[in-house]
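Peer 1: So the protein lines, in turn, are chains X and R.
According to our numbering, the first sequence is numbered sequentially starting from 647.
According to our numbering, the second sequence is numbered sequentially starting from 647.
Simulated from the structure, these hints should not be mistaken for lab results.
Misleading hints may appear alongside valid ones.
[Unchecked claim] To spell it out: a stretch of chain R is covered by chain X in this simulated footprint if at least three of its residues, at any positions, have a beta carbon under 8 Å from a beta carbon of chain X; those stretches are: (1) 815–826; (2) 845–858.
[Stated by the list, open to error] Lysine-lysine pairs mimicking DSSO-like chemistry, simulated, CA-CA at most 30 Å apart: (3) X:796 - X:857; (4) R:980 - X:725; (5) R:762 - R:794; (6) R:807 - R:794; (7) X:994 - R:994; (8) X:734 - X:757; (9) R:818 - R:857; (10) X:857 - X:978; (11) R:725 - X:980; (12) R:857 - R:757; (13) R:725 - X:978; (14) X:725 - R:757; (15) R:980 - R:1019; (16) R:980 - R:857; (17) R:994 - R:1019.
Small disclaimer: the values here were computed from a predicted structure and weren't measured.
Note that beta-carbon positions come from the ideal geometry of N, C-alpha and C, so glycine has one too.
Protein chains: 2
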Amino acid sequence: MNVLVLGAGQLARMMALAVKPLNINIRAFDVSSGNVVDPLTSNIIFNDLAQGIEFADFITAEFEHIDHQTLATCQASGKLRPASQAIKVGGDRRLEKSLLTQCAVANAQHKIIETKADFDQALNQLSFPLILKSALAGYDGKGQWRLKDKTTAEEVWLDIKAFFDGGEQGVKHAVIAEQMVPFDREVSLVGVRDSQGNTLVYPLTQNHHSKGVLSVSIATHVNEILQTQAQQVFDSIAKELDYVGVLAIEFFQVGEQLLVNEIAPRVHNSGHWTQQGADTCQFENHLRAVCDLPLGSTELIRPTAMINILGEDSVPNEILNVASTKLHWYGKSKRAGRKMGHINVSGKSEAQLASRLMLLANLLPEAAFDELKPYIAGYQNSLSS
Amino acid sequence: MNVLVLGAGQLARMMALAVKPLNINIRAFDVSSGNVVDPLTSNIIFNDLAQGIEFADFITAEFEHIDHQTLATCQASGKLRPASQAIKVGGDRRLEKSLLTQCAVANAQHKIIETKADFDQALNQLSFPLILKSALAGYDGKGQWRLKDKTTAEEVWLDIKAFFDGGEQGVKHAVIAEQMVPFDREVSLVGVRDSQGNTLVYPLTQNHHSKGVLSVSIATHVNEILQTQAQQVFDSIAKELDYVGVLAIEFFQVGEQLLVNEIAPRVHNSGHWTQQGADTCQFENHLRAVCDLPLGSTELIRPTAMINILGEDSVPNEILNVASTKLHWYGKSKRAGRKMGHINVSGKSEAQLASRLMLLANLLPEAAFDELKPYIAGYQNSLSS
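Whole structure, please, built from the sequences with the hints as guidance.
Peer 2: In structure tokens form, the structure reads like this:
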């Protein structure tokens, strides 16, 4: 089976590693160069998309910011899974919000802003503090603004306007203003749906972000009320999109209520722990769904956490002395803040996992993992209380 | 880190997949073509061994039948792990038997046969039934003869003589005559030793062979008496060889006594279950040892079994419906009896594993997996009795 992935980053690479044993060959379309490459070696296989489409039995995507012409071409081939409409939803917060409304799924109070008048209206109708996010580009903390109150409103508006003006020509830019949710925790659900409509979800993962970028995800046995709520949201969104493959949903948890923050129509950073903590990892399950193979069990095998490695191309070898620790490098060149790899670690119990996390936090350089130790300490405390 | 593997089969391929996330790049020396290839794509990287050696930080092997000139060249580079002497022991039963004697390790009564006089003497000194195995070539049931009594002795001798004459010129051929061991079970131990002399072993695996080839391996929680015995044998052999990397030892179990059958100085088919049943798989641990990284825990995560796929290039997709089932194809072209891939399956308990094995046995075609169902049925019975 041959599959073309739109995007040639670490997600395509991890898909390739996960499904090589299933005799599924992954080729990756590098949107910046226009080449189709081997995601494990970066060797160029074809120098245009058309040959990549011809080669593929199925086409999928590792990210949502793909130009619409490329998506349309892939959609027309009849091989694209999930469909272009689902991928677009992940790349445009306006479509995302309208999907949530359509599915009657709880999310933050918000307003779409395209003009100064929209901006002023949002400030009057919504409660502060507000977070403003670019509708089109922007993730991992980019293209975002925060407003505590009206005092810096003019300044922020000028910055947003400059952002609109600096964006791609001929595209209708917008930001979404959202009421900040006073959440207790950030959690996410990764799930998978096959072309017959069967769905399976992984346990909810607890996430910690640092400077807007995911830093740690922890997957353990979960609160059934929250898990059921999340699964209902997953099922209704995935059904509405007639989705095929892995889909991730980020939530704000407020008490025992989940509010959708974001949808990612793809395998997700907060699902990397599944490589060693779940019966079937998200990468294999995505390709099982895309290739019409039976879905694999999403059961938790043992409590597992993931730590992102950002902007560093080495970590002390000693971390491999911590039992159940696996290192996953993406083979990328070093750049400040770049996702370079991740560390997975498991424990037989949540307490054992927490103590292994603390061992890792003590071995990793504080400069590069600055929020790790306090976060793990807080997590450990939450277990003993 | 760059590692050259001598041999370009499925073991090199699974090493490459296992350690790509550690940023270890594996190249494989294909002894038949003399090329150095990418074990995942078979693309030729270099067309001679010298460039492969130059490229490598370390050199290791995926099989023991490597010509001595190649081994000497690699040894001279100072990069070969394990050392050539250890690899040769695996490729010559005379050296293997003398190692076992040196380590005072229990094994079957045996005689080395190079001449008709040796043959006659062996038949007089050993008890029937006998098994005769080629000292140099031969594994997976090839180069073996059985003698129930003296009646077919002349016939077998002529066959052995023809085997000697048909073997490589200028090499001293031999067979080892061994008393057949009336074993209760065949088990094997896979372990790893680092360059500092630290060792870790996986749980003993119960193996079932079909026509001389491994068919099923089952790893569960084991009898501590046997495990300790096996570990002592492992430690003494590995120390004697100053071994670095993964080493496998096959045993005959007679009551609570283990007799060494064979040593394999490499990752081993009976250790493939570690890909999903152990904290660190044998492929990663082999490379951790070779590259001087800390060894990974060899703990059993959950009872796990492996079924070999021999001579078949497809199996029903329905097997993927059985929970905790993973399919590992080697990307080889179909040939009768060839090791084409394997299936790993796990269970929370041994009973759950056994019932999943039976589900698989019922889905797999009987013609190609002819001894599977009765063996699994017997295994299931042994659990309930």
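Peer 1: In ascending order, which of the hints set out earlier in this document are inconsistent with the structure?
Peer 2: 1, 2, 14
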